[in-house]
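Participant: Based on these hints, arrange chain B on the given structure of chain A.
Number of protein chains: 2
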Amino acid sequence: MSNALEQQIAFIIEIDKLKQVLRQTLLTDSSRRENSAEHSWHIALMAVILQEYAPPEVDILHAIKLLLIHDLVEIDAGDTFCYDDRGNLDKAEREIKAAERLFGLLPPVQGQQLRQLWDEYEAQETIDSRYAKALDCLQPVLHNQQTQGGTWKLHGVTRDRIMKRISAVKEGAPRLWPFVLQLLDDCEKAGYFRV
Amino acid sequence: MSNALEQQIAFIIEIDKLKQVLRQTLLTDSSRRENSAEHSWHIALMAVILQEYAPPEVDILHAIKLLLIHDLVEIDAGDTFCYDDRGNLDKAEREIKAAERLFGLLPPVQGQQLRQLWDEYEAQETIDSRYAKALDCLQPVLHNQQTQGGTWKLHGVTRDRIMKRISAVKEGAPRLWPFVLQLLDDCEKAGYFRV
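Sequence lines, in order, name chains A and B. What the first sequence shows, in UniProt numbering, is residues 1 to 195, in sequence order. What the second sequence shows, in UniProt numbering, is residues 1 to 195, in sequence order.
Looking at chain A on its own, in the form it has when it is part of the complex (with noise of 0.2 Å):
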């Protein structure tokens, strides 16, 4: 076996481990918390069932790659809670970290590209990153919905801080704006979140 072939059947082997981290995020029947591998699955094909409502500038392939790759460094660096401020002190060190670790086991121009897809994705500058992060803040919403609050009442999350996280829908895929907004109403007169 060739010595690329071989890093990146090793890469294959260690990306395993992402289906043990643990969201916050409870799976819609409410049985348990979702991993962060499922859920990167259940983003990318939301990235295909929801492409007519992306900027149509957006090139899918691009976007499903950010969503597939986007978790990974949680691997070393475990899912940070959006709503811990702690934890978000730190965050992008000790990922930065684990990017560095995970894709440098692959062969280095390959590990450059995904590591480089990695960055696109946290600087949140490019069309296609941002509309994959749209995706990625609205999932959990619908999580939430349907368990009845979720990990919103869980954490006594408030709306505005909801407002501040899902404002990534209004960035990345705006034509879901109103949907949203919608949600979070029905979410508020159920009672599903502090106001």
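Hints are computed from structural coordinates only; laboratory data are not their basis. A few of these clues could be false.
To be verified - Keeping only pairs whose Cα atoms sit at most 25 Å apart, straight-line, the calculated SDA-like set for lysine to any residue is:
id	chain 1	residue 1	chain 2	residue 2
1	B	Lys17	A	Arg101
2	A	Lys164	A	Gln182
3	A	Lys91	A	Asp119
4	A	Lys17	A	Arg101
5	A	Lys17	B	Arg161
6	B	Lys17	A	Ile75
Facilitator: Same frame as chain A, now just chain B:
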């Protein structure tokens, strides 16, 4: 919210159930069985990582779409173990019924598009579907190697049956075939399956 978006969101919520469909395959640390959603993520990312070994005509976005949706029918039909002869007798029938219900949740045109993708994967007549299937078959081999025989040992699977199953790699990603043969030889020497 438009009727189309309503249907698309209902579909997105429904497919969360794929995270609860357990495959026979174990995670690489043997801690638990893998589910079909995280499996789909893993092989979609493998399609990116191993792209250089795919036949040059492969449309990688198309192959990824096939991988993201190919297991959805298991939400209704369950995962049928590839070495379960009895379960495979009525697999097609159960899965077609599932495809009708699931893709039927979407707006008609989109539902038909996804159904066509699933049909394409099942028919194994296109180069994209064969590349996709090669990865779907290769990934559990890696897991079985990492778990010292894993489900091969558990179910007493023989080399002949593994070879028949894994020949999809020869069809869909011939450049990976020498690696797979070497991997199986190594697993045989280590006593990971019955000869």
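Participant: Against each hint, give a clear statement of whether it holds in the structure.
Facilitator: Taking the hints in turn, this is what the structure says about them:
1. B:Lys17 - A:Arg101: Not OK: lysine 17 of chain B and arginine 101 of chain A at ~33 Å, beyond 25 Å, violated.
2. A:Lys164 - A:Gln182: Distance of about 16 Å is within 25 Å: holds.
3. A:Lys91 - A:Asp119: holds, 14 Å
4. A:Lys17 - A:Arg101: The hint holds at about 14 Å.
5. A:Lys17 - B:Arg161: Violated. Lysine 17 of chain A to arginine 161 of chain B sits at ~28 Å, over the 25 Å cutoff.
6. B:Lys17 - A:Ile75: holds, 24 Å
Hints 1, 5, counting from the list given before, are not met by this structure.
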